[in-house]
Amino acid sequence: MSCSPKGITVGETRLHLKKDTFTLGDDGSGGLIIDSGTTLTYIEEDAFDALKKEFTSQIKLSEADATDTVGLDACYKLPKDVNSGKVEVPKLVFNFKGADLELPGENYILVDTDVGVLCLAMGSASSMSVFGNFQQQNMLVYHDLAEETLSFVPTKCDQL
1 MSCSPKGITV GETRLHLKKD TFTLGDDGSG GLIIDSGTTL TYIEEDAFDA LKKEFTSQIK
61 LSEADATDTV GLDACYKLPK DVNSGKVEVP KLVFNFKGAD LELPGENYIL VDTDVGVLCL
121 AMGSASSMSV FGNFQQQNML VYHDLAEETL SFVPTKCDQL
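Quick note: the sequence shown uses the UniProt record's numbering, first residue 1, plus one each step.
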């Protein structure tokens, strides 16, 4: 079964990833699992590096080292007047076979006003990628094993 992403798009830019980035190997290595028990998404290292590089090139904020305080690798300095409005961030899309999942900003951005940073709520993985529950929030996730498809339907979970 293969429900793995075929790619990732940041803003309008489709990342140039190896074709087998999210492919499950014969030995069980690699691939991507959809896991509601893991908080954040962890993407294969080369793919995460490409994602971080493209995200950094598109966001209009300076990079910030918040690894020690926030624990995330891709963080940016918040403007001093952040409370007066929203900060624009590039859109993030996971491209699956037959469908694209465009994540709402709250599903991939963490803001820590105490530290003064905005972070991409994802990290890198050495082998297998994991699509965590932070990215799945307010989504109904439908796994069709017979058709080997995955569907995501935006919803308001607090109103179910």
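FYI, nobody ran anything at the bench for these hints, they're computed from the structure. In this text the structure is predicted, and so the values were computed from the model without any measurement. By construction, the Cβ of each residue, glycine as well, lies at the ideal position given by its N, Cα and C atoms. Please note: incorrect hints may appear among the correct ones.
Listed next, the in silico BS3-like pairs over lysine-lysine satisfying Cα-Cα at most 30 Å (straight line) [claimed, not checked]:
{"#": "1", "residue 1": "K91", "residue 2": "K77"}
{"#": "2", "residue 1": "K18", "residue 2": "K52"}
{"#": "3", "residue 1": "K19", "residue 2": "K52"}
{"#": "4", "residue 1": "K86", "residue 2": "K60"}
{"#": "5", "residue 1": "K86", "residue 2": "K53"}
{"#": "6", "residue 1": "K18", "residue 2": "K53"}
{"#": "7", "residue 1": "K91", "residue 2": "K6"}
{"#": "8", "residue 1": "K80", "residue 2": "K91"}
{"#": "9", "residue 1": "K18", "residue 2": "K6"}
{"#": "10", "residue 1": "K86", "residue 2": "K52"}
Simulated restraints on C-beta separations [said to hold, decoys possible]:
{"#": "11", "residue 1": "L145", "residue 2": "T113", "range": "39 to 45 Å"}
{"#": "12", "residue 1": "T69", "residue 2": "T149", "range": "37 to 43 Å"}
{"#": "13", "residue 1": "T67", "residue 2": "D27", "range": "30 to 36 Å"}
{"#": "14", "residue 1": "K77", "residue 2": "T149", "range": "36 to 42 Å"}
{"#": "15", "residue 1": "E88", "residue 2": "G37", "range": "29 to 35 Å"}
{"#": "16", "residue 1": "H143", "residue 2": "D81", "range": "40 to 46 Å"}
{"#": "17", "residue 1": "Q159", "residue 2": "K18", "range": "38 to 44 Å"}
message: Assuming the hint says 36 to 42 Å, is it satisfied by the Cβ distance from K77 to T149 or not?
response: holds, 40 Å
Straight-line alpha-carbon gap K19 to K52, limit 30 Å: Holds. K19 to K52 sits at ~19 Å (cutoff 30 Å).
message: For K18 and K6, compute the direct alpha-carbon distance and say whether it is at most 30 Å.
response: holds, 10 Å
task: For the pair we were handed, K18 and K52, check the Cα-Cα distance against 30 Å.
output: holds, 16 Å
query: Does K80 pair with K91 here, judged by a C-alpha cut-off of 30 Å?
result: Distance ~23 Å between K80 and K91 Cα, so the pair holds.
query: Range hint 39 to 45 Å: satisfied by the CB atoms of L145 and T113?
result: Distance hint for L145, T113 holds at roughly 43 Å.
Consistency of beta-carbon spacing, G37 to E88, with hint 29 to 35 Å: holds, 32 Å
- prompt: Quick one, are K86 and K60 close enough, alpha carbons at most 30 Å?
  reply: holds, 12 Å
task: Verify the proposed pairing of K86 with K53, using a straight-line Cα cut of 30 Å.
output: Given pair K86, K53 holds - Cα atoms ~22 Å apart, limit 30 Å.
- request: Return holds or violated for the Cβ distance of T69 and T149 against the range 37 to 43 Å.
  value: holds, 40 Å
- prompt: Does the Cβ distance between T67 and D27 fall inside 30 to 36 Å?
  reply: holds, 32 Å
Hint consistency between K91 and K6 [alpha-carbon to alpha-carbon, up to 30 Å]: holds, 17 Å
Checked against the numbered hints above, the structure breaks none of them.
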